[in-house]
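Peer 1: Produce the complete structure using the sequences and hints provided.
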Amino acid sequence: MIDNVLAAAALLTTPILLAAIGGLINRLGGIVNLGLEGMMLTGAYVALAASSATQSWPVALLAALIAGGVVGYLFSLAVTRLQANEIVAGVGLNVATAGLIGFILKDYYHSSGTIRLPDVVMLPRIVIPGMAQIPIVGAILSGKDPLTWLSWALVPITAFVLSRTRAGLRLRAAGAAPEAARALGLDPLAIRDASTAVAGALAGLAGAQLSIGVVGVFSVGISGGRAFIALAAFYFGRNRPGLTAAGAALFGLFDAIQIYLQGRGVAPELMQMLPYIVVLVVLTAIGLAERRRRLLQGA
Amino acid sequence: MVKPAVRIGARGVTRRFGAVIANHAIDFAAAPGEIRGLVGGNGAGKTTLMRILQGLEQPDEGAVILNDEPVRLADPADAFARGVGMVHQEFMLVEDLTLLENLILGREPAGPGGVIDRERALAEALRLAASAGVDLDWRLRVSEAPVHVRQILEILRLLYRGADVLILDEPTAVLAPQQVRDLLNLLRRLRDEGRTILFISHKLDEVLTVCDAITVLRAGKVVASTIPAEANIGRLAELMVGEAIEFPRRLAQARSSDGPALSLRGVRALDSRGVERLAGIDLDIAPGEIVGLAGVSGSGQDEIVAVITGLRRAIAGRVTIAGRDATALSIAARRSAGLGYISADRAHEGLCLAETIAANVIAGRHRAKPFARRGLLWPKTIRTYANKALARFAVVYRDCQEAARTLSGGNQQRVVIARELDRNPRVLIAAQPTRGVDIAGAAFIHRQILAFAAEGGAVLLVSEEIEELLALADRILVLYRGAVIGEVAGADRSVGRIGRMMLGEAA
Amino acid sequence: MTAATTGVVRTSRFDWAALVAAFAPFVVALIVGAILLAATGRNPLAVYGLMLREGFGGESRIAATLTAATPILFTAIATAISFRAGIFNVGVEGVFSLGGLAGAVAGFTLTALPSPLLILAELAVGALVGALWLAAPALLRARLEVDEVVSTLMLNFVAVNLTLYLVNGPFLAPGSANSATPMIAEAGWLPRIAPPSTLSLAFVMALVFLALYALWDRLTPLGFEARLNGLNPRFSRAIGIDAPRLILKVMIISGAIGGLAGSAHALGVTHRFVVGFSPGYGWTGLAVALMGRNSAIGMLLGAIVFGALASAGTTVQLFSDIPLEIVDVLQGVVTIFAVVRFGRLLRGRRAA
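In the order they appear, the protein sequences are chains W, P and G. Using the working numbering, read the first sequence as starting at 1 and increasing by one per residue. Using the working numbering, read the second sequence as starting at 1001 and increasing by one per residue. Using the working numbering, read the third sequence as starting at 2001 and increasing by one per residue.
Don't read these hints as lab results, they were simulated from the structure. Model, not experiment: these values are computed from the prediction. Check the hints yourself; a few may be wrong.
Capping the alpha-carbon separation at 20 Å, the derived lysine to any residue pairs in SDA-like fashion look like this [said to hold, decoys possible]:
1. G:LYS2249 to P:ALA1332
2. P:LYS1203 to P:LYS1388
3. P:LYS1369 to G:THR2220
4. P:LYS1221 to P:HIS1202
5. P:LYS1380 to G:LEU2222
6. G:LYS2249 to P:GLY1375
7. W:LYS106 to G:THR2315
8. P:LYS1369 to P:LEU1353
9. G:LYS2249 to P:LEU1376
10. P:LYS1203 to P:LEU1270
11. G:LYS2249 to P:SER1330
12. P:LYS1380 to G:LEU2219
13. W:LYS106 to G:PHE2319
14. G:LYS2249 to P:LYS1388
15. W:LYS106 to G:GLY2041
16. P:LYS1388 to P:TRP1378
17. P:LYS1369 to G:LEU2222
18. W:LYS106 to G:GLN2317
19. W:LYS106 to G:ASN2043
20. W:LYS106 to G:ALA2034
21. W:LYS106 to G:LEU2215
22. P:LYS1380 to G:ALA2214
23. P:LYS1380 to G:THR2220
24. P:LYS1380 to G:ARG2218
25. P:LYS1380 to G:LEU2215
26. P:LYS1369 to G:LEU2215
27. P:LYS1369 to G:ARG2218
28. W:LYS106 to G:LEU2324
29. W:LYS106 to G:ASP2321
30. P:LYS1369 to G:LEU2219
31. G:LYS2249 to P:ARG1367
32. W:LYS106 to G:LEU2037
33. P:LYS1203 to P:ALA1344
34. W:LYS106 to G:ILE2035
35. W:LYS106 to G:THR2040
36. G:LYS2249 to G:LEU2212
Chain G residues, not near chain W, derived (Cβ > 10 Å throughout) [as the list claims (entries may be wrong)]:
37. ILE2031
38. GLY2049
39. GLU2186
40. LEU2212
Glycine residues also receive a C-beta, built at the ideal position from the N, C-alpha and C atoms.
Peer 2: Following this line, the structure appears as structure tokens:
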């Protein structure tokens, strides 16, 4: 039983983690991206369509990555160049992309919800001989798709890029102090746009994992609010890749437990609330600690 | 390469804004390896000249001279490419990054894949610091670095990026005296290495100490170019101000026998970073008395004002306003107890520039009669009242329903004074009341403060201008590192004495 | 978002430039929609003409549009109140659902009450639940400086899941499989004001609240304080306005109106609480508040346009082969560009 839940949790964590890393990078660049859900949905649809058209999962992934990145970049332009409000624009993007994809589904596939396409090549499962037998670890790692491995590889890579590379340094500077960055000859808006494109690309991959990683079909509800759980994960992680990943894994685990408990007397909705409540609890705890510090200083 | 005679300068630079001539045929020339002082009061044209030298403004006539050649600077990046860098009063640092990261940002030494070569960066940082004779902890975050470290970092960053002309705008305004000495030594070292420094300041003693030559600006024109050996503070001040201004002088008022209108006892306070800024302040101001507060900025003036107004809570001690213990009172309660406050930060704290003038006049009393009756605001009453108050304080405006930002700086300050004095407070906290106000406006404000005191009001006057304190205050308390280091009153009120105390010499 | 420069005591003068700017997003959306329609072999002008007729052509269509505009207008008002004070409260979406559920529960449990009392009780319960709900993030912000954007956003998801749980569990209508509460007693329905259309008294209530909002904004001390705090919090503090209390008051009012909006929608339109009760009314209201720059007239116009889109969309699909989703595309694009400053493009990319 525990193995089943953990195996499911690992799978359910992948899209959350990918989107959360994207959201984290975007946040460091200065944008809170509520449009990740729309980018994820775009990636899910494009991956399925591309996989069906080319019978190649790497091409499908590349297509999802590019589609998510392009949507992210366009969204970013609205925010950085036209000063759209990032929160409401993100919500609007989700409505618009869901509408557009729903339109295509009806108009082109004559389907009002779910599509199955011929010749879809799913993501392969990576089976390492003998690993499945290791308790717990086996359940988590064995038979997972490449995106799951990629998502976890991205955690240390992101941490390294952010702290040790030119791109990471400039990203943090552009997000935290755009004026200072500009004074040093950097273009903070362009950096911001690039970070949103990266976030969109990762959300696109997250969507691909949903459509060609697990089920092999696409439906308009396939992303199911996972980008918002990702958002909760990066608020939980407060700009730290490791902590963000921990949040994503925790929320993936909640999701797996919730599915496991369905029909066993625990309402799934109550479990689905948990990620958001955890974030509120964390924020409150931080607020209390800060308040104690401020009171000591008479602010 | 032959050394140019003029590394940076201006030839006949004129810049107009509408009818105002901000710079009028400005000439100056600084040689390589020279510290050139640019001094002048508010509105002398220093800021415009700096912006032109940075490529932020284009001169209408004349040209910037670099290496003996007239040039056109497209923007700050262009100026920088020609070796001209500037340290602004508002530092351009990223708080969340370390000193080292801030130093290299935008010019990071990096290997393959853009991985920053930290060894090389640190070696370069240490070399720069050593050559400048300073020692920094490069791993410290800027948010944890004290202000003088930030300043040094700004300067080192210009050097790191290859500037050999440094423009420093009021670089000592935020520094304590020892830090000022260190900074001036740093500048001398940089000069001796052949760099050119434009030192913009209104602190004449510092200008005389560190500069090789001084250009004095007044009303957009160069009124003198001199060298320290041939100048003294008095002469420079005269040049800056022009004909001697008659500030209203004040005769010491007879003190009332009542208790003090404002009293502080053993007040201690911390700043937002938890550093102690007030180390036990005792202060009494009698009705009708004007007490001045002098000190290098950052000596605790801001915190005293904040603790009295209630913007910051004291961690110890007591504040009494008009006989009432106000230590635990809210800002609003202190104001109704009789406290008025002219903020040093007019644009962000003194006024709501986006609101109407009328709203600014009545703000704070918007729940009181006659402005609010039966739970509603009465716009006509508010306008009538506002017009009357604005007239009383000679504010020049068209319509009290226009946004406050449409007013000139001096008139904005009069709106602040109208709001604060028309309530007939018992105590007035006046922080930098004439900052950014022209001389005629300043004289008007001075008269208002004097009139308020003459009617029995108590005034705490905080000012960076010692002359202003001398002109208005009955006694002047000098702050040094969060404590009152001395008091001058009566005949022994002299600039020199106050200046020495500001630098920490006990009375 | 609250950078209005009109003053508190200013009572006349209409800002036409702001009105034009407010409608720019619609123009962009229509262009995007036209491209989509043209690309799929349709005549955009014909489709828009059809939508216009379905939105405004005749009494019954206007009534449908106003019915659809009602919850949007309500949520816009609820949001604008907090925006005025500089509080970026995005929690009205969740409050709307909670208020709807609370009103519905009152409506099928307190059936012993006579009609007017029952309606009042339903509305009051909705408002109360909303007020309490937003008091939480208000306290977090006022006392602990917890960013209200994050807290209200997270609370939306909590609210949605909470109502889902309640409507599938304790309040599920007996024998019902489709996640809905029992019907509200008919005595607890808001009366229809233009039968046979579904336009109910809720619309009139929304207009009354809009008028009250305008009054609050311009002529009350609290509205005055909210505006000062929104425009310049440091100034507002220095002249003695107690920001934590102001935030609490404003958020409670916002929550009450948001909750009331939900219960009015339940009482007037759905007559029970059902899964999918809010297709994003709170978010649409947020966009309308931003687009209307928190002004009463701007919000009214914005709500009507969004209402027309929604009501036209449902019928356009019935009479043509155009997928209903065209409406989502238009709505989404309008929302994205809700507060965009197109002027910046014309003036070139000036450093912000």
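Peer 1: Mind listing which of the numbered hints don't hold for this structure, in increasing order?
Peer 2: Of the numbered hints given earlier, those the structure breaks are 2, 8, 10, 14 and 21, listed in rising order.
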